[in-house]
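First to last, the sequence lines map onto chains A and B.
The first sequence lines up with residues 1 to 348 when you count with this note's numbering.
The second sequence lines up with residues 1 to 348 when you count with this note's numbering.
A hint or two may mislead.
Simulated crosslink set (DSS-like; lysine-lysine; CA at most 30 Å straight-line) [stated by the list, open to error]:
#	chain 1	residue 1	chain 2	residue 2
1	B	LYS254	A	LYS32
2	B	LYS254	A	LYS254
3	A	LYS167	B	LYS20
4	A	LYS20	B	LYS20
Derived coverage of chain B by chain A (criterion: at least 3 residues anywhere in the stretch with Cβ under 8 Å from a Cβ of chain A; other residues may be distant) [unchecked claim]:
#	stretch
5	28 to 41
6	55 to 62
7	92 to 100
8	137 to 148
9	224 to 236
None of these hints come from the bench; they were simulated from the model.
In this text the structure is predicted, and so the values were computed from the model without any measurement.
Backbone N, C-alpha and C fix where the C-beta goes; we use that ideal spot for every residue, glycine too.
Protein chains: 2
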Amino acid sequence: MSDSNSEPSRTELDNLGEFKLIEHLASQFTQKQQSTLLGIGDDAAVLIPDANCNLLVTSDMLLEGVHFDLSYTPLKHLGYKAIAVNISDIAAMNGICTQVTVNIGLSNRFSLEAIDALYEGIQMACSHYQCDLVGGDTTSSVTGLIISVTALGYVGNDRLVKRSGAKHNDLICVSGDLGAAYLGLQVLEREKQVFLANSEMQPQLDQYEYIVSRQLKAEARTDVVTWFHEQGIVPTAMIDVSDGLASDLLHICKQSVVGARVYEDRLPIEAATKDAALEFNLNPGTVTLHGGEDYELLFTVDQKHHQSIENQQGISVIGHITDTGQGAELVTASEEIVPLEAQGWRHF
Amino acid sequence: MSDSNSEPSRTELDNLGEFKLIEHLASQFTQKQQSTLLGIGDDAAVLIPDANCNLLVTSDMLLEGVHFDLSYTPLKHLGYKAIAVNISDIAAMNGICTQVTVNIGLSNRFSLEAIDALYEGIQMACSHYQCDLVGGDTTSSVTGLIISVTALGYVGNDRLVKRSGAKHNDLICVSGDLGAAYLGLQVLEREKQVFLANSEMQPQLDQYEYIVSRQLKAEARTDVVTWFHEQGIVPTAMIDVSDGLASDLLHICKQSVVGARVYEDRLPIEAATKDAALEFNLNPGTVTLHGGEDYELLFTVDQKHHQSIENQQGISVIGHITDTGQGAELVTASEEIVPLEAQGWRHF
């Protein structure tokens, strides 16, 4: 589970200081957006706003020991994920991210090489999603690693999608497949415990490649946003699946003041996820409903788009919006109707 | 040094959960900016960008044990400061802040009442500076309190001020007075040590009211930005004094590729600051040069504005910009010329 057997070179942050560190990190980023007039290096970044669009802003923080465990999360993956999850929030408004800022808190147990790995991931994400890193703060932390990211983006005024627009009879759809990221985490946690019990045991991850990669390599579904644009489809409501399908669908129901009916046998799950669920004595249906961090897009659309959606690989129609009075329901594989409930988020 | 002698009521965060907490906090904020279409409660905030201006973005993070000590920092003041320091960065570009996002990491040692105090300060700052809280993240922290703020603002295209525009013969000016926040911190630290040694000793802060308030009640000099606007003055370069005058002036020199000559006897210092400096066996000149966190505006202007600046109370002309070759120099009170040096920031 450790970094490497060979001794990597180690440059102490103490020998560098904050300003040199920022210069070093900033030098690795090139600007891709014409709207970025001035990036890192002044009191604030200077951008040209897109007058024809709505400006979107979102911010998320990842904390060591709460959101990630560095014993099995490579820093490069973590940097990538910190950007991707914010871009996913912009995508959930049907928007495209243009700029991000990144605040990092780190202690001197991190070497310059470790920070470089983290920023390599950040840089890869910025490059993949074509957004600019335009600012942030690098500070010492007396405890764990802290990554706080803010993303800015735009969406055409007539294409903005909120959580609150779902209407009776709209189709409920989700991109990709669900539950894999959650099971990937279970595998990583199990292998960590095995390693802690006996440090000669090397992690056995080969057969779990798909689910582990879904946990460690989060991607924002900006391709789905692009596809909506190409097809002239504007969903009526949308959210990204971060807390779990049930919890996130309930947000749409609450904010749209509607009910929902979802069919368990239509919930998209990969064979590898199902196998792992059974291995962990978990009901695959439960995992697809409540496993978080898939960062797929959950959305509702008018029935008129049924054909386009059906023809599109990688998008599943999982149910439809109902009257408010009906609440949110799940039709199980055995055709029972049960209320859909959120698994509470209780980190405190 | 403790909060109060009476037992305050305490509501555990565990009993609330994240969504309820966010609802509770969001309900206390009213929107002031017409450009805020949608604030807290969706995947991202939705704003109408100001097409005639440059968009400014800045982000800063405050960490317990590094940037603040809760044994003498009231949570309300801390919340206020977290917003003010970001607005100060927007002001340093000659801009006005319109929206902020706030990410908070907190452990269950904080009660709902404590979080309310923190957000009361955030709300007071948003109200004072007329900006909207439009989003953010509230998450558990396994260690200390973390506050990460991003501020958005605007500046007219022809009024943008960067660090890089200072020219030979420009006046170097600073608002307000310097060194007080640093000495306020020294007093608070000393009283904390006295209290730790003997908990029956109550802190003696009365005579240090000014310098302590400069440390605990940070304000952004948005009034100076408004004054520039009214006077038709556009500084050639500007930065806010967060790391200390010397360090921040050197940023201007480096980014403008110029030198500077600053006169020690022109550095603005309050009598209370000078008294405290002498009490701590510190040279008052050193304190004005290197004490950080005053959040005053350090700027350079063309000589043609000399009269307006001279007539304006609370702005001091402290020197002028010179050729690059000359470097940055301090003319001491005894008329010696010495190089101006930054006190390195070495938190790691």
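For each hint, the structure was consulted:
1. LYS254/B <-> LYS32/A: holds, 26 Å
2. LYS254/B <-> LYS254/A: violated, 54 Å
3. LYS167/A <-> LYS20/B: holds, 25 Å
4. LYS20/A <-> LYS20/B: violated, 42 Å
5. 28 to 41: holds (count 3)
6. 55 to 62: Answer holds; 7 residues pass the 8 Å Cβ test.
7. 92 to 100: holds (count 4)
8. 137 to 148: With 9 residues close enough to chain A, the hint holds.
9. 224 to 236: Coverage by chain A is violated here, the residue count being 0 at a Cβ distance below 8 Å.
When each numbered hint is compared with the structure, violations occur for hints 2, 4 and 9.
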